Structures are given as C-alpha cells and as structure tokens.
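Protein chains: 2
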Amino acid sequence: MAKKYIDIPTLKFQLYNVHDLQSILSSDYFGEHDEETINLFLESIKDFSDQELYPVFTEMDTQPAYFKDGQIMVHPVVGTVMKKGGEMGIIASPVAMEHGGLQLPLAVHTTAYAIMEAANNHLLGYPGLTLGSAELILSFGSDELKETYCPRMLSGEWAGTMCLTEPQAGSSLSDVATTASPQADGSYKIKGQKIFISGGDHQFSDNFVHLVLARIDGAPAGTKGISLFVVPKNRIKDDGSLEFNDVITAGDFQKMGQRGYCTAHLIFGESDDCRGWLVGEPHRGLKYMFQMMNGARIAVGRGAAAIAMAAYHASLEYANERPQGRKIGGSGKKDATSEQTLIVNHPDVRRMLLLQKALSEGGMSIVMQGAHYHDKMASATDPKEKEKYHLLLEMMTPIVKTFPSEKGITSTNNGVQVLGGYGFCSEYILQQYLRDMRIFAIYEGTTGIQSLDLLGRKMMMQGGKGAHLLAQEINATIMAATAYDELKPYAKELGVNLKRIAEVMEYLGAFAQKGDFERFLSDATVFMDFMGTIVGGWQWLKMATAAKEALVMGNTTYDAVFYESKIHTMKFYFKYEMQKTPGMAEILTDDEVLTVAKGEEVIV
Amino acid sequence: MAKKYIDIPTLKFQLYNVHDLQSILSSDYFGEHDEETINLFLESIKDFSDQELYPVFTEMDTQPAYFKDGQIMVHPVVGTVMKKGGEMGIIASPVAMEHGGLQLPLAVHTTAYAIMEAANNHLLGYPGLTLGSAELILSFGSDELKETYCPRMLSGEWAGTMCLTEPQAGSSLSDVATTASPQADGSYKIKGQKIFISGGDHQFSDNFVHLVLARIDGAPAGTKGISLFVVPKNRIKDDGSLEFNDVITAGDFQKMGQRGYCTAHLIFGESDDCRGWLVGEPHRGLKYMFQMMNGARIAVGRGAAAIAMAAYHASLEYANERPQGRKIGGSGKKDATSEQTLIVNHPDVRRMLLLQKALSEGGMSIVMQGAHYHDKMASATDPKEKEKYHLLLEMMTPIVKTFPSEKGITSTNNGVQVLGGYGFCSEYILQQYLRDMRIFAIYEGTTGIQSLDLLGRKMMMQGGKGAHLLAQEINATIMAATAYDELKPYAKELGVNLKRIAEVMEYLGAFAQKGDFERFLSDATVFMDFMGTIVGGWQWLKMATAAKEALVMGNTTYDAVFYESKIHTMKFYFKYEMQKTPGMAEILTDDEVLTVAKGEEVIV
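So the protein sequences, as listed, match chains H and P. For the first sequence, counting from 1, position 348 maps to 363 in the numbering used here; every step adds exactly one. For the second sequence, counting from 1, position 234 maps to 249 in the numbering used here; every step adds exactly one.
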C-alpha cells in the first residue's frame with residue numbers, strides 16, 4: 016500500500032478556498048462552528064483513518080464478508096467503525112443538534128467521509144446508510160418512530176439500511192412487489208424479498224433498521240402505490256427487549272470489489288410474522304425515499320472521488336520511486352550507460368498521472384459543489400434562496416453521482432497502467448482500487464438512470480429554470496477567471512461550451528416537444544458525459560481561479576507549487592478533456608438514429 | 016456463464032469475405048489447404064473449446080494457479096491443452112510442413128485461437144508461447160538446437176517461454192542484466208533473474224524451454240549487447256535423459272485476472288550450474304526476439320478481441336432475457352400495469368451492446384488485417400511484394416496489439432454495465448472478463464511503448480513509406496465502398512480522416528526534424544488512440560462493404576439480418592467513435608505542452 020492515500024491540503028483548499036465554507040459558517044444554522052473546530056474534527060477523522068481504517072484495507076478484500084449459518088460475517092473493523100462512529104459523531108455529523116447531531120455542514124461531513132473512504136472504501140457505507148435511514152425517519156416518521164430508533168442509530172448501536180431492489184425490480188422501482196397488510200394495532204405485515212442490500216446484516220449490530228419500499232394491499236400499480244416502512248430485524252417489545260421480526264438473511268452476493276462491504280439478500284415475513292411501521296403517509300414512499308437516495312447519490316460520488324484520489328497518490332508514489340528507461344535526448348537516442356530516470360519523468364506517465372489528478376480532484380470538487388448547494392439550501396432563511404439552491408442541488412445530483420463514478424474508472428484504470436505489470440498484481444493496491452471502483456457507476460441508479468434523470472427531468476424542470484441557474488453559476492466563475500490573463504483563454508472556452516449546451520438542448524428539446532420522448536432521451540448517457548465534462552471544466556476553472564487569487568494575493572496557506580499545480584492541472588483538463596465536447600455535441604445533434612429499437616433485431 | 020461465447024459466422028465472414036483468405040490460399044505456399052479442410056479444422060477447434068475449454072473457464076479463476084514447494088500448480092486442463100494441442104496441431108498450425116507443422120495461414124491460426132480464447136483466455140498462452148519459442152529457434156537457431164527442442168515443443172511434450180523482463184528491466188530492455196559466460200564446450204553459464212514469465216513453470220510439462228535475453232561477458236551496454244539463449248529447465252544428457260539445469264522457480268505472481276495463466280519468477284544459475292545455448296550470433300538477441308515479440312503482440316490483440324467478443328455475447332444474452340422497465344411511450348409516461356420490456360429494447364442498453372459489438376468485432380478485424388498481411392508476406396514470391404507486406408505488417412502490429420486491448424477494456428466495462436448490479440457479482444461472468452482483459456494493455460509492451468513504436472518508429476520508417484502504403488490500403492477500401500450510395504458518406508468521412516492524419520503528422524513531424532524528440536513523442540498515446548480509431552473505422556467500412564456486396568449480389572451464405580447488422584454497426588462506429596478524431600487531432604496539434612517534465616515538480 017502507498018504511504019499516502021489522501022492530500023489533506025487539497026481537501027481543505029476545496030473546502031475553504033474553492034467552495035467558500037465561510038459563507039456557510041456565517042449563517043445562523045451553521046453558526047456554532049468555526050474553522051478551528053472543523054479542522055480539529057477533520058484531524059480526528061484523519062487520525063482515525065490512519066490508525067483504524069487504512070491498515071485493514073487490503074485485508075477486507077482478501078478476507079471478504081461471507082454468509083454462514085443464516086448470518087453475514089464481516090471484518091471486526093466494522094464493529095469499530097460503528098462504535099467509534101457513534102462516539103466521534105461520524106454517524107450524526109450532519110444531523111440537527113435538536114436530534115442529537117453535530118449539525119455540521121454537509122461540505123464538512125463530505126470532506127470527513129472522503130478522508131475515511133480514501134483510506135478504506137469498504138467501511139463507510141455502514142455508518143453512512145445508518146445516518147441516511149435515521150435522517151429519513153427524522154424527516155418523515157412519527158415521533159414514536161423517531162424516539163424508538165434514531166438515538167440508537169445515531170449512536171452506532173443499531174444499523175440502518177435502504178431496501179429498494181427486488182429480484183424483478185432493479186432500476187424499475189415501479190415494479191416493487193413486497194406487500195404490506197394493515198394490522199389492527201396500526202402496524203403492517205410485510206412480505207417480500209429484497210436483494211443487493213448493502214450492510215444488510217452482520218455480527219456487529221444488535222439490530223438492523225431496514226427502510227423498506229412496499230405496497231399496501233390494494234395500492235395502485237406503479238410508483239404511485241409504493242409506501243415506506245420501518246422494518247427492524249428485531250422488534251422492540253414493551254419491556255424494551257428485542258424479539259425476532261422474521262427478517263431472514265437468505266444469503267449474500269460475492270463481488271469483484273468492495274468485498275468487505277457486505278451485500279445481503281433479505282426475506283421479510285417468510286413465517287408471516289414480519290411487522291413494519293409506516294413512515295409518513297401511504298403511497299408516498301418513493302417520494303420520501305428520494306431524500307435518502309439523493310443523499311446516497313452524493314455519497315456514491317464522494318466515495319468514487321475518494322478512491323480515485325487514493326489511487327492517484329498510490330500511482331504517483333510508485334512513479335516517484337520507480338526508475339525505468341531514460342529520457343529521450345536531443346538526438347532521439349537514449350544513452351544506455353546513463354542512470355535510469357524515474358518514470359514520473361516520462362511524458363506518457365505524467366499524462367496518466369495528470370489525468371488521474373484532473374479527474375479525481377475534479378470529481379471531488381463537483382461533489383463539494385453539490386454539498387455547498389445543500390448547505391446553502393439548509394441554511395437559507397429566505398424561501399426564494401432556499402428554492403434556488405434546492406434547484407441547483409437537484410441539477411447537480413446526477414452529475415455528482417456520475418462524473419466521479421465514470422471518470423473514476425478511467426482515472427483508476429490509468430493508475431493501474433502507471434505501474435505496468437505490477438499494476439495487475441494483487442501485491443499492489445491499484446488493482447483493488449480498480450475493482451472497488453467498478454460498482455459506483457451501478458450503485459443508487461446506474462449511469463443510464465442518472466442520465467435519464469439529468470436530461471429528462473432536471474434539464475426540463477420548471478421550464479429549464481434549474482439549467483438556467485446552473486448556467487448563471489458557471490458564468491460567475493467565467494467572470495471571476497477573466498480577471499486573470501493566464502486564465503482568460505480557458506474562461507472563454509468554458510463560455511463557448513455553455514453555448515454548446517444551449518444548442519444541444521435546442522436540438523434535443525424539439526423531440527420532447529414533438530412527443531418523441533424515446534428519441535429525446537436515446538443518447539441521454541452521451542449527454543451526461545457532455546454535461547459532466549463541462550461541469551468538470553467549470554470546477555477546474557474555479558479551482559484555478561482560487562489558486563491564482565492566492566498566488567496574486569500572496570496567500571501562503573499553501574506553497575506556490577501547490578497553487579501552480581492546480582492551475583497546471585486545469586490546463587491539462589482543458590487540453591485533454593474539454594476537447595471532447597464538440598465531438599459529443601456532434602453525436603447528440605446527429606440525425607442518424609441507431610439505438611432506438613424498431614422491432615427488427617439488427618444487433619445480432 | 017452465457018450459452019454462446021463466440022459467433023462463428025462473424026469469424027468466417029471476416030476470414031473469407033472481409034480478409035479474402037482465397038487470395039492467400041491461391042498462393043503456392045498455402046496452396047495445400049482449401050476452404051473445406053480449413054472449416055473442418057475450425058470445427059474441431061470449436062468442438063474442443065465447447066467440450067474442454069469453456070466448461071472450466073470460471074474454475075480457473077476461482078482456483079488460480081499457485082506456488083507450492085518450488086513449483087507452480089495449474090489447473091489440469093493445462094495438461095489437456097498441451098497434449099491435445101500437439102495432437103490437433105494447435106501448437107504447430109502455422110509452422111512450415113518441413114518442420115512438422117500444418118503450414119496454415121496465420122489468418123486461420125488466428126481464427127482458431129480466437130475461438131479458443133473466447134472460450135477460455137487463461138489457456139492459450141501455454142501452447143501459444145510454446146509455438147512462438149519453437150518458431151524462434153527454427154528461424155535463428157542451429158540445426159542442433161532445432162532438432163533437440165522443436166519436435167518435442169510442437170508436439171506439446173515440452174513447453175516454451177520468453178524471458179525478457181527482470182526486476183529492474185521492464186519496459187526498458189536495454190537494462191537487461193542477466194549474464195552469460197562462455198564455456199569451453201560452446202555453451203554459456205547463465206546467471207540472473209526473470210520475472211513475469213507467463214507459463215514459466217507448471218506440473219504438466221516435462222521440460223521448459225526458456226528463451227532468455229542475457230548479456231555475454233564484456234558485451235556493450237544497452238540493447239546492442241543483448242544475446243538470445245535457449246535455457247531449458249532440464250538439460251538433455253548424452254543418453255537423452257534429463258538433468259536439472261539450475262532453473263529455479265522462486266515464486267509466482269497473484270493477479271486480478273487471468274488467474275489460471277501462471278506467471279513465474281525464475282532464477283537462473285543460483286548454484287552456478289545453469290547452461291544456455293546461444294541462438295544465432297552474439298549481441299543480436301533483441302533483433303531475434305522481436306520475431307517472437309511481434310508474434311506475441313498479434314496474439315495479445317487477438318486474445319483481447321476474443322474476450323471482448325465473448326463478453327459481448329454474454330451481455331447480449333442477458334439483455335435478451337432480462338425484463339426490466341418499460342419503453343418510453345409517446346406521452347413520455349410509462350404504463351406500470353403493462354408487462355416489463357426486455358432491456359435490449361432500451362436505447363441506452365442497445366448503445367452499450369452496439370459499442371461492445373463495434374469495438375470487439377472491429378478489434379478482431381484489425382487483428383485479421385494484420386494476419387492477412389503476414390500471410391501475404393509469407394506467401395509472396397516477389398521480393399518487392401514481400402517487402403510491401405512486411406512494411407504493412409510492421410505498421411499494423413502496434414495497432415493490432417493496442418486497439419483490441421484498450422478498446423476491450425471500454426467494451427467489456429460497458430458489458431458489465433449492461434447487467435447492472437449483477438455485472439459486479441462473481442456469479443456472473445462479465446466481471447471475470449473485465450478482470451482478465453485488464454492485462455492485455457500491459458502485456459508485450461504497454462500501450463505507451465506501442466504508441467512510441469507507432470509514432471516514433473513505424474510512421475517514420477523509410478521516410479514514411481509504411482504510412483504511405485497503409486493510406487493506399489485505406490483508400491482502396493474507400494473506393495470500394497463508394498460504389499454503394501448507402502456507404503458513401505462513411506467513405507467520405509474516412510477520407511477526411513486520412514487527411515487529418517497527414518495534418519497531424521505534418522505538425523508533429525516538425526518537432527522530430529528540429530530534434531525535439533521528447534516533444535514529438537509526448538502525446539504518442541493520444542496519437543495511437545487517434546490512429547487506432549481511424550483504422551477501426553477503416554475495418555468497419557471494409558466489413559460493411561463486404562456485407563453490402565453480399566446483399567446486392569444475393570449471397571446467401573448468411574441471412575440478410577446478419578449482413579444488415581454489420582452495416583448498422585459500421586454506422587454506429589462512425590457516429591459514436593469516429594466523431595472523436597477531430598478532438599484528438601486538436602490535442603495532438605495543440606501548442607500547449609503540459610506533460611514534458613521541466614525539472615520543477617508541478618504534479619504534486
């Protein structure tokens with residue numbers, strides 16, 4: 016394993032300089048915190064990661080979670096994380112103080128989790144989903160549900176999960192078939208199977224609080240008939256003791272990566288004795304669940320960015336230590352009697368490393384931008400402001416989820432290549448990062464689903480208001496960058512790309528207006544790549560502007576090489592990544608339709 | 016596992032219709048064979064693959080090769096492949112009849128191996144490297160070496176390997192440090208370590224014939240001082256019995272994929288008793304070894320294309336069987352009460368499947384094009400013809416190696432995505448294909464090395480003669496396609512791309528002329544992607560033209576849907592892949608230099 020898995024200055028630069036945490040901390044809602052306390056919190060997280068999480072990272076891969084005698088067994092560190100997670104506030108960090116949380120900005124929570132996930136990405140789903148399910152109960156549950164479950168979840172005593180997927184209902188949630196039959200005492204009998212339940216069962220939690228999508232008897236078909244239930248593995252008797260609630264762990268899924276993060280197959284009500292409690296109103300379950308899903312989507316993007324950054328540092332460390340070959344001299348010949356050079360000095364290796372840096376830190380900045388909008392929304396007192404940031408967060412969420420996940424594959428794949436043959440060997444960590452990374456483009460709505468959401472829903476919502484607000488935000492960065500001669504050409508190119516988005520939307524929008532929605536959305540994934548690439552350029556220009564400003568103002572928080580490296584990587588991103596947008600726009604505005612099925616099978 | 020792992024009609028279409036095997040069979044050298052005998056050979060290969068190779072494919076991954084008590088243990092099927100490989104002519108198929116081979120065209124050998132590798136890619140390196148080392152001895156070895164080793168290698172009794180890499184000499188072969196000290200009897204004492212030796216040791220061969228690069232005492236530094244030796248694991252005593260030759264297996268490498276294909280760490284001469292026999296003249300070893308390396312590079316491209324095709328069929332099968340969601344109706348709404356549709360009907364899934372088909376079959380066609388040039392060269396009687404096809408093969412080799420390997424990652428990665436969550440699960444085969452695929456861009460010279468070869472050597476050789484010949488070949492396809500209205504726009508676009516290559520070379524060539532070779536080559540990998548994408552377009556146009564011709568001529572070897580699917584996939588390739596070439600040309604002709612190290616470290 017590499018000595019370094021995360022660059023704390025880069026994270027702090029993003030948190031404070033690029034994404035202006037100060038403007039969040041100056042709000043009433045987050046006003047209890049200041050830079051000093053936040054830095055102390057982040058330091059404790061880094062120490063915890065160094066001491067507990069990183070040392071067992073490869074172990075969790077080589078000794079994966081497994082199913083035995085009706086239970087899933089996981090690495091002991093899972094117990095540590097849940098326990099310390101409660102003590103350190105890892106689970107409760109963004110929760111309101113009135114509910115026992117730290118009421119930290121999501122940007123800080125995101126930074127903390129990114130540190131831990133860079134150290135060991137197999138672990139953070141356990142506290143993360145526990146947090147998400149507790150938040151869901153806090154938002155929509157009855158006082159009784161809140162009191163019964165949330166304190167013990169936030170303390171790490173009990174774990175939480177989200178149960179959506181069924182064997183016949185993966186991306187298509189409208190086909191959820193788990194049933195809920197009303198009982199005289201106000202509870203519901205739950206019956207059904209859920210698969211791919213992350214953290215769904217293990218030996219280190221006394222209870223699992225499953226948040227389950229199910230259909231109340233007689234509910235309408237489709238998503239309109241889905242309700243949300245709290246279904247604990249063990250129900251709480253009147254005397255406070257626990258009683259088995261007929262939630263059976265039927266097995267687990269063995270995977271190519273994230274092998275320490277267990278994935279359960281759960282059966283609810285096999286003995287007809289599984290009780291669930293309705294959250295909020297009937298038939299509104301999917302709407303509620305979207306709160307948790309949106310949170311999880313941001314978490315997925317964050318996790319992917321964290322892995323990509325860790326992989327970058329591992330590749331960079333190797334490149335800085337491995338001598339191989341010689342630099343090409345002026346004659347085009349290499350002098351075989353001279354010392355070998357370090358591979359970091361070969362342009363192609365530098366290209367791969369810069370690509371890793373550009374995509375991983377760029378991905379992280381996209382996630383932080385989403386977290387910033389969340390915090391702006393959460394702390395806004397003016398309803399219009401709240402709505403503005405709500406729309407911006409809605410716009411960003413599919414990109415926050417997808418860019419780090421998809422570009423994370425590209426960057427980590429390049430990270431393997433930096434090591435040559437060693438990159439493929441189990442002895443080196445790069446191959447594990449690559450295997451772990453592969454799930455993120457599938458989690459919480461695949462890239463295809465996110466792309467439909469971005470183009471079909473988010474770009475169109477409120478007559479394009481979200482898209483308009485996002486363009487304004489990007490324009491503000493263009494304006495700020497234009498103050499510096501060095502950045503002007505890139506600001507200009509970003510502006511050209513804003514126009515390009517408008518042109519593409521004009522072309523595609525015509526299909527939506529004609530009612531040809533299948534055609535409108537047929538290249539949604541290409542549109543996602545197109546938008547994501549431009550948003551990545553926006554973030555890099557924003558980072559470069561912050562760096563340039565620091566250099567010009569003589570800000571010495573970090574040294575000049577640090578700031579220069581951000582500007583250099585921005586240039587790299589614009590040269591090697593932004594060049595792709597005209598080609599993608601061509602695909603998106605091409606009249607030829609090749610992927611819409613017309614009945615005849617021509618794929619073969 | 017999927018029911019189907021390869022489409023034989025597609026391979027035969029490429030062999031006969033696209034790459035004109037008839038023109039090869041009409042030569043004197045290959046004249047012993049005809050379509051009927053070749054088809055029988057391919058059928059026997061397919062049966063063998065169905066019965067012996069495919070059934071153990073996942074087993075070889077879950078029960079990988081391992082090192083124990085000084086030896087590597089592999090799956091028993093390795094023994095079967097070596098034995099049957101001898102009997103069926105799998106090892107000797109392209110070898111001249113005078114040496115006991117079948118003297119089959121490389122195009123046929125390539126087709127046969129692609130079938131077997133699509134069935135099980137962990138196996139073919141064993142006979143493949145045995146063939147390659149036997150061929151190397153046949154080309155450059157003394158009669159005594161030939162007689163001693165080759166018959167028993169071609170029969171599968173003994174295995175062959177290539178030993179290049181050392182711990183300190185990976186991509187940089189000029190740093191090979193293994194020594195060879197001349198002995199009175201004409202042999203050499205060999206001393207050194209070799210790593211990453213594929214098929215380097217296992218329990219199913221009585222002997223291993225290692226072809227080892229080493230430096231004779233006093234040899235000059237660099238590649239000019241490297242000689243080639245036959246170093247058997249067991250040397251042959253005068254009475255014909257075997258005696259240990261001090262070649263120790265020190266360990267193996269555990270890997271993320273191809274886990275059934277063992278990778279050895281060998282130590283030669285630890286007890287100062289390892290003998291080697293010089294092949295050819297001293298100090299010319301690297302030149303000789305390039306014969307085997309070039310063969311291996313074609314084999315690597317072939318293996319990658321085979322895996323990508325197998326992954327395509329596995330994804331397609333899943334997509335044709337998995338119901339999920341509904342097609343988007345005219346209203347933009349989905350009717351949740353209707354039956355779910357098969358996912359093959361979703362445009363985004365079709366896009367991914369077509370991408371898999373375009374990149375995998377396109378990759379295979381590039382490999383077949385290389386094999387065709389090899390056969391033209393081998394069968395040419397006119398020295399000028401021979402030289403022409405030699406140059407074309409030289410041009411194609413780095414692309415044959417790289418396109419299927421790099422695009423194979425992209426296509427197989429999309430193949431995983433087609434399956435959603437199941438794609439990540441060990442229970443489904445896609446994740447294994449993805450893991451297996453990852454090594455191909457590293458084997459036999461990484462993509463970076465191939466790219467330097469393409470731009471720095473092949474594009475420039477004989478004043479650009481190879482590049483000129485390749486352009487002529489591509490132009491011939493453009494001319495042929497132009498006969499059909501449906502293909503004209505694509506032919507035109509390919510022509511535009513030929514000009515684009517010329518423009519890029521004019522820009523880059525200026526740096527070479529100025530002597531700034533580092534800058535000339537700094538974006539070689541981008542150039543490889545650029546050239547490979549265009550060569551892929553060339554191959555697809557060639558396939559579409561052959562298909563169109565068959566449709567127009569009423570050729571009913573395959574049905575109309577088969578031919579239409581090739582034309583459809585060509586259009587897909589041009590829309591989604593060829594659109595990338597202008598952006599890549601922009602990168603290649605961009606004045607901004609960001610990856611050439613200038614002493615200061617700005618990567619951080």
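Calculated from the structure, these hints are not laboratory results. Among these hints, one or two may not hold up.
Identical chains share a label here; the pair holds if one copy fits it or two copies do between them.
[Stated by the list, open to error] With a Cα cut of at most 30 Å, we get these calculated DSS-like pairs of lysine-lysine:
1) K99 to K480
2) K18 to K206
3) K507 to K206
4) K302 to K342
5) K595 to K98
6) K595 to K503
7) K342 to K99
8) K18 to K204
9) K252 to K239
10) K480 to K161
In this text, all values refer to a predicted model and were calculated from it rather than measured experimentally.
Hint by hint, here is what the structure shows:
1. With identical chains, the CA atoms of K99 and K480 are never at most 30 Å apart, being 43 Å at best within one copy and 68 Å at best between copies.
2. In this assembly of identical chains, K18 and K206 lie within 30 Å of each other by CA distance neither inside one copy nor across copies; the values are 49 Å within and 34 Å between.
3. For a Cα distance limit of 30 Å, the shortest separation of K507 from K206 qualifies neither inside one copy, at 58 Å, nor across copies, at 61 Å.
4. For the homomeric pair K302 and K342, the shortest alpha-carbon distance between copies (22 Å) is at most 30 Å, but the shortest distance inside one copy (58 Å) is not.
5. Taking identical chains as interchangeable, the C-alpha atoms of K595 and K98 are never at most 30 Å apart, the minima being 46 Å within one chain and 50 Å between chains.
6. Taking identical chains as interchangeable, the C-alpha atoms of K595 and K503 lie at most 30 Å apart whether they share a chain (20 Å) or sit on different chains (26 Å).
7. Neither within a single protomer nor between protomers do K342 and K99 lie at most 30 Å apart by alpha-carbon distance, with minima of 49 Å and 47 Å respectively.
8. For the homomeric pair K18 and K204, neither the shortest alpha-carbon distance inside one copy (52 Å) nor that between copies (41 Å) is at most 30 Å.
9. In this assembly of identical chains, the alpha carbons of K252 and K239 never lie at most 30 Å apart, being 33 Å within a copy and 83 Å across copies at closest.
10. When the C-alpha separation of K480 and K161 is checked against a cutoff of 30 Å, the pair qualifies neither within a copy, at 36 Å, nor between copies, at 77 Å.
The structure shown violates the earlier hints numbered 1, 2, 3, 5, 7, 8, 9, 10.
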